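Asks: All chains, full assembly: derive it from the sequences and hints.
These protein sequence lines are chains A and B, in that order. Note that numbering that gives the first Met the number 0 gives residue 31 to position 32 of the first sequence, counting from 1, and the numbers run on in steps of one. Note that numbering that gives the first Met the number 0 gives residue 34 to position 35 of the second sequence, counting from 1, and the numbers run on in steps of one.
Hints are computed from structural coordinates only; laboratory data are not their basis. A portion of the hints provided could be inaccurate.
No distinction is drawn between identical chains; accordingly, a pair holds when it is met within one copy or between any pair of copies.
[Claimed, not checked] Subject to a maximum C-alpha distance of 30 Å in a straight line, what follows is the list of computed DSS-like cross-link-like pairs (lysine-lysine):
| no. | residue 1 | residue 2 |
| --- | --- | --- |
| 1 | Lys57 | Lys16 |
| 2 | Lys57 | Lys44 |
| 3 | Lys57 | Lys13 |
| 4 | Lys52 | Lys16 |
| 5 | Lys13 | Lys44 |
Everything numeric in this text was worked out from a predicted model, so none of it was measured.
2 protein chains.
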Amino acid sequence: MWVIVVYDISDDEKRNKIARELQRLGLSRIQRSAFVGDIDSQRFKDLVRIMGKLVTGKDDILHIIPLGLRDWERRVVINGDSVRREAVSLL
Amino acid sequence: MWVIVVYDISDDEKRNKIARELQRLGLSRIQRSAFVGDIDSQRFKDLVRIMGKLVTGKDDILHIIPLGLRDWERRVVINGDSVRREAVSLL
Numbered sequence: 000m001w002v003i004v005v006y007d008i009s010d011d012e013k014r015n016k017i018a019r020e021l022q023r024l025g026l027s028r029i030q031r032s033a034f035v036g037d038i039d040s041q042r043f044k045d046l047v048r049i050m051g052k053l054v055t056g057k058d059d060i061l062h063i064i065p066l067g068l069r070d071w072e073r074r075v076v077i078n079g080d081s082v083r084r085e086a087v088s089l090l
Numbered sequence: 000m001w002v003i004v005v006y007d008i009s010d011d012e013k014r015n016k017i018a019r020e021l022q023r024l025g026l027s028r029i030q031r032s033a034f035v036g037d038i039d040s041q042r043f044k045d046l047v048r049i050m051g052k053l054v055t056g057k058d059d060i061l062h063i064i065p066l067g068l069r070d071w072e073r074r075v076v077i078n079g080d081s082v083r084r085e086a087v088s089l090l
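Replies: Listed below in structure tokens is the structure:
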């Protein structure tokens with residue numbers, strides 16, 4: 000299953016630890032605090048369990064959202080002054 | 000169409016302006032730099048156009064990713080020490 004993981008974590012050390020764990024689980028970084036990847040149901044359980052241990056700050060929040068591969072492929076990425084459209088069919 | 004918008008913007012003023020525009024377009028904030036919402040194709044075009052004007056910093060990046068409503072409903076939110084699962088069926 001494809002998922003996107005996005006988070007706001009105030010503690011630098013914990014935020015870096017979360018990024019390392021997400022990489023270890025096979026997800027790819029798409030922004031400073033956002034990862035995407037294809038994981039099986041065992042890895043998904045691991046993901047929820049590990050993140051549950053790391054996201055402990057009062058204002059910390061992390062979302063794990065299932066993502067259809069078709070939806071991911073239709074993303075629009077805006078980077079500096081270049082707009083790369085993978086979503087022409089949407090417009 | 001449901002979309003999630005996530006961004007890394009270094010300039011405070013631009014980042015705040017992006018958040019205001021996303022709210023104006025009818026999206027809801029789920030984290031400091033992540034919004035979700037249901038928009039029609041005209042609003043989607045506006046979204047891409049407006050964000051293209053605001054995301055101009057060298058290291059700035061913004062993703063607009065279509066999201067199935069079913070997928071959004073199955074999200075897992077980890078908030079401080081509480082894990083709210085809307086995704087039991089996934090596990």
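Asks: A separate judgement is required for each hint: does it hold in the structure or not?
Replies: Right, here's what the structure says about each hint:
In this assembly of identical chains, the alpha carbons of Lys57 and Lys16 lie at most 30 Å apart whether taken from the same copy (17 Å) or from different copies (26 Å). When the C-alpha separation of Lys57 and Lys44 is checked against a cutoff of 30 Å, the pair qualifies only within one copy, where the shortest distance is 23 Å, while the shortest distance between copies is 37 Å. Proximity of Lys57 and Lys13 under a CA criterion of 30 Å is satisfied in both settings, with 13 Å inside one chain copy and 26 Å between copies. In this assembly of identical chains, Lys52 and Lys16 lie within 30 Å of each other by CA distance solely inside one copy; the values are 11 Å within and 34 Å between copies.
Only within a single protomer do Lys13 and Lys44 lie at most 30 Å apart by alpha-carbon distance; the minimum there is 20 Å, versus 37 Å between protomers.
Hint compliance for this structure: every hint is met.
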